[in-house]
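Using the sequences provided together with the hints, build the complete structure.
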Amino acid sequence: MEKVVKVLSRAVPLPHEDIDTDQIIPARFLKATSREGFGENLFRDWRYNSDNSPKESFVLNDATYEGSILVAGKNFGCGSSREHAAWALYDYGFRVVVSSFFADIFKGNALNNGLLPVQVSEGFLEELMETISLIPDTKVEVDLVNQSISFNGFEESFEVNSYKKECLINGYDDIDYLVSIKNEIEAFEKQAVTI
Numbered sequence: 090m091e092k093v094v095k096v097l098s099r100a101v102p103l104p105h106e107d108i109d110t111d112q113i114i115p116a117r118f119l120k121a122t123s124r125e126g127f128g129e130n131l132f133r134d135w136r137y138n139s140d141n142s143p144k145e146s147f148v149l150n151d152a153t154y155e156g157s158i159l160v161a162g163k164n165f166g167c168g169s170s171r172e173h174a175a176w177a178l179y180d181y182g183f184r185v186v187v188s189s190f191f192a193d194i195f196k197g198n199a200l201n202n203g204l205l206p207v208q209v210s211e212g213f214l215e216e217l218m219e220t221i222s223l224i225p226d227t228k229v230e231v232d233l234v235n236q237s238i239s240f241n242g243f244e245e246s247f248e249v250n251s252y253k254k255e256c257l258i259n260g261y262d263d264i265d266y267l268v269s270i271k272n273e274i275e276a277f278e279k280q281a282v283t284i
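Just remember that my numbering sits 89 ahead of the position in the sequence shown, which is counted from 1.
Errors might be hidden in some of the hints.
[Unchecked claim] Straight-line Cα separation of at most 27 Å, DSSO-like style, residue types lysine-lysine; simulated pairs:
#1 Lys254 / Lys271
#2 Lys253 / Lys92
#3 Lys95 / Lys228
#4 Lys95 / Lys163
It should be emphasised that the hints constitute simulated quantities derived from the structure, not laboratory data. Note that the structure is a prediction, hence the values are computed from the model and not measured.
Structural data, given as C-alpha cells:
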C-alpha cells in the first residue's frame, strides 16, 4: 500500500447523507477478487445514464472538482459489509474520505486498504463542504501524524486507531506489519521456550 502521512489536496464535495456501499460500488460489479479496476464503477449509477453516458450533474463528472480527498455527508459507508467499496474509492484515486460519521465496517475496511476515514464534527463538515463547493481550488491538509485536518484557517483533530495509524504511515497491511516486527516475535518465542 502507499504510505499515508500527510495529504494536501483539493477535495470533491458529495453532500449526501447515508451513502451506502451499494451506491459506492453496485453489487453487479463485484465479480473480481483483485483490488484493481473498481474505480471505473465508483458511484456507477450516480455517474452514468443507462446508455453509459456520463451524467453531467454528478460531481465526479464535473471537471471543476478534483483531488484525492472525498468530503461526504453523515453516515458514509452504511449498508452491506462490502470491502469492494474501499477498493473502488482507493482505485479511483481517493486517499482520504471526510465525513461526520462512518459505518463501523466500512471504516475498518477503509483502514485495511490504505484509505483514511477522517471523522469530523458536523459543524466542521458543513464549513468544509460549503467552502469547497464555492471555492473548488481550496486545499485541504490531512496530517495523519498529528491527527489533524485543516483548510483556510479552520482546523480540527480526529481519532484513529493507533495500530492502523502506524500501518498507514508505513504503508503496511497486516502481514507487512508482522514482518516488520519479526525480530521481536522471534525474541518473544525464544523467551517463551526457556520459561
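(message) Need the status of pair Lys253, Lys92: alpha-carbon distance at most 27 Å?
(response) Holds - the C-alpha atoms of Lys92 and Lys253 are around 12 Å apart, at most 27 Å.
(message) What's the verdict on Lys95 and Lys163, does the C-alpha distance respect the 27 Å limit or exceed it?
(response) holds, 23 Å
(request) Verify the proposed pairing of Lys95 with Lys228, using a straight-line Cα cut of 27 Å. (result) Holds, because 13 Å separates the two Cα atoms, which is no more than 27 Å.
(message) Need the status of pair Lys254, Lys271: alpha-carbon distance at most 27 Å?
(response) Distance ~19 Å between Lys254 and Lys271 Cα, so the pair holds.
Taken one by one, the earlier hints all hold for this structure without exception.
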